[in-house]
Amino acid sequence: MGITGPVDGEPVKVGVAVTDICSGLYLYSSILAALYHRTKTGLGQQIDVSMFSTQLSMLANVASNYLNSGIIAKPLGSSHLSIVPYQAFKTSNGHVVIAANNDTQFWDLSEAVGWPWLASNPMFSTNEFRVENREELLKHLTERFEEDTTEYWLILQALIPSLQHP
Numbered sequence: 118m119g120i121t122g123p124v125d126g127e128p129v130k131v132g133v134a135v136t137d138i139c140s141g142l143y144l145y146s147s148i149l150a151a152l153y154h155r156t157k158t159g160l161g162q163q164i165d166v167s168m169f170s171t172q173l174s175m176l177a178n179v180a181s182n183y184l185n186s187g188i189i190a191k192p193l194g195s196s197h198l199s200i201v202p203y204q205a206f207k208t209s210n211g212h213v214v215i216a217a218n219n220d221t222q223f224w225d226l227s228e229a230v231g232w233p234w235l236a237s238n239p240m241f242s243t244n245e246f247r248v249e250n251r252e253e254l255l256k257h258l259t260e261r262f263e264e265d266t267t268e269y270w271l272i273l274q275a276l277i278p279s280l281q282h283p
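Reading the sequence shown from the start, the letters are residues 118 to 283 in the working numbering.
Worth flagging that the hints you see were computed from the coordinates, not collected in a lab.
Yeah, the Cβ is synthetic: ideal placement off N, Cα and C, and Gly gets one too.
A portion of the hints provided could be inaccurate.
Said to hold, decoys possible - Just the calculated beta-carbon pair ranges, DEER-fashion:
{"id": "1", "residue 1": "Ser186", "residue 2": "Thr158", "range": "40 to 46 Å"}
{"id": "2", "residue 1": "Ser196", "residue 2": "Glu268", "range": "21 to 27 Å"}
{"id": "3", "residue 1": "Leu184", "residue 2": "Glu260", "range": "34 to 40 Å"}
{"id": "4", "residue 1": "His154", "residue 2": "Glu260", "range": "55 to 61 Å"}
As the list claims (entries may be wrong) - In silico DSS-like links for lysine-lysine, alpha-carbon gap of 30 Å or less:
{"id": "5", "residue 1": "Lys256", "residue 2": "Lys130"}
{"id": "6", "residue 1": "Lys207", "residue 2": "Lys256"}
{"id": "7", "residue 1": "Lys207", "residue 2": "Lys130"}
{"id": "8", "residue 1": "Lys191", "residue 2": "Lys256"}
{"id": "9", "residue 1": "Lys191", "residue 2": "Lys207"}
{"id": "10", "residue 1": "Lys191", "residue 2": "Lys130"}
Can you build the whole structure from these sequences, using the hints too?
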């Protein structure tokens, strides 16, 4: 709970039993591996799935940031530590989640919201600079997304080729 929740707010637990579900997925793949082993060797396997280990494995970039750089994670709301923008934004009637995972997507996003100057601004031209200048960029994007409805932004997002997910 130390990494979930709003920036200066109370910790928030994950909305579903993620560790239980992922442990089940690890168990599922272990059963398949054991069945394959039995088919090849005729021998059975003992399977042990640790929920604690599962939870640690799900920390992915949070754990590697700490182990490699000593960075202690903190709650960031819906945003991402190393990708900007990647979070929920308030719209005029709700919220929309925007994820520009690379520079091409950010360029396309800037064009789509009608502010191509964002991507050409040296402060925001690469993800590294966007992370460094997070507050300034988010100030601009927050202002822009609040000008239109969630539906408007979802339709617009669907029209941006680089933001399409297979």
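Hints and how they fare:
no., hint, verdict
1, Ser186 to Thr158: 40 to 46 Å, "holds (43 Å)"
2, Ser196 to Glu268: 21 to 27 Å, "holds (23 Å)"
3, Leu184 to Glu260: 34 to 40 Å, "holds (37 Å)"
4, His154 to Glu260: 55 to 61 Å, "holds (58 Å)"
5, Lys256 to Lys130, "holds (27 Å)"
6, Lys207 to Lys256, "holds (12 Å)"
7, Lys207 to Lys130, "holds (22 Å)"
8, Lys191 to Lys256, "holds (21 Å)"
9, Lys191 to Lys207, "holds (22 Å)"
10, Lys191 to Lys130, "holds (14 Å)"
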